[in-house]
Amino acid sequence: MLTTTRMSLKNGAGLTCVTTNRSKTSCLSAMLVLPLGAEGRSMSALLPYVLRSSCRDFPGRMAVAARLDELYGAQLEPIVRKRGEAQLVGFAADVIDERFAMGGAKGLFAGTAQMMASMLLHPDELKEEIVAREAAQLCARIAALPDDKRSWAVRRMYQHMCADEAYSAVEWGDVDAIRAITPELLMEQYHHMMRTAPLELFYCGSLPAEEAARQLEEALADKPVVQNPLRPTFSAPRTAPHDGIRRVEEEEPVAQGKLTIGIRTGITAFDDDYPSMVVFNACFGGNSASRLFRTVREKMSLCYYASSQTDKLKGVIAVASGIENESEPKARQEILHQLEDMQSGGLTADEVEAAKRSVAASLRTMFDTPLVLENFYQTQAAAGLDETLEHLIARIGQVTVEDVTRAAQKAVPDTVYFLKGAGA
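If you want the numbering used here, it's the position in the sequence shown, counting the first as 1, plus 962.
The reader is advised that the hints may include incorrect statements.
To be verified - Listed next, the in silico DSSO-like pairs over lysine-lysine satisfying Cα-Cα at most 30 Å (straight line):
#1 Lys1185 with Lys972
#2 Lys1382 with Lys1292
#3 Lys1111 with Lys1044
#4 Lys1111 with Lys1261
#5 Lys1044 with Lys1372
#6 Lys1261 with Lys1292
#7 Lys986 with Lys1044
#8 Lys1185 with Lys1292
#9 Lys1111 with Lys1185
#10 Lys1261 with Lys1044
#11 Lys1382 with Lys1261
#12 Lys1111 with Lys1292
#13 Lys1044 with Lys1382
#14 Lys1382 with Lys1111
Everything labelled a hint here was simulated from the structure, so no lab data went into it.
Make the full structure from the sequences, and use the hints.
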């Protein structure tokens, strides 16, 4: 039995509760929702790491670790995400569900909620050494982004494709801006966020929604009400701001080239035909039965891997592939050919039905992992969407071949990015 409840707390915070007995752990998260392109993005990204290191009630890492041990080894981590043109910053916790606590111990959820609220609402005096340490570690995370060439190529493609849009920004901020952060500036940003950013909460566990809401209201009693929340604006243009397909080539000392193609669809989770776009992506490159995998990779051996992924709030698709340098023209042409074939009615009923089954099965696995459900529902909340996972699965089951073809016809290739292996 699983029940999803959406409500607002007295202080204005939004709360999504998934009540279930399917998992031995429960999940709690608190996310402040900010416009991704807003000034102060780097400070917003740094803040949860600093607050996690030390707050008024848990001054220092040892105090934080000791309290987590008392909560049966709970995990409570800073979170920074990009969802469309929104930046989500806050905390997510994973703790044993009280049904499984030894000796019937109670209060694990309340204790976790109070600890998270303390970090969010009661910052310690921001010490220069803590800010400098966490800033250095955040810069190191950003510097390490190019190490994963597959995801780096996708990120670089979007930076070129959406160069004049907030979506091109790195959610963790910019290294130079992070290095310039002082405790005083960070505290100013903290107060600005608390005055302007909506707070979204998520809970998945065995507690009834009303009880979870009551305990969260108690833990967050000191949170001020945000009178005029500054919400992100989501943009999903289907028309590129340039003529034709943009071509970008960069070189790095890698053994395998990375060919990435950015496609605009203009279809987002706000639209009625969003399920059709999800199924279209699955048919195109979303799984091992897709066109890109079966034809471009397996049949024609043009790629080491080939897949496509979407951003539900931006209405874009990224085709990612690993290739030999000399295969770039053929791989690019075949990927675009498969898209054109789908747009011209080449999809079969078997392809669409297989894609629907694959998507539905993938979505259903989310019910088994509270932290995965948290990611889905906090993305929904950040965008102001109230559709449940169950309803989305049901809508996907109703998609027809004609629906998928219409979604495919809205796909417009925008940018071809080739990370060429230098000297390969």
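Ascending list of hint numbers which this structure does not respect: 8, 9 and 10
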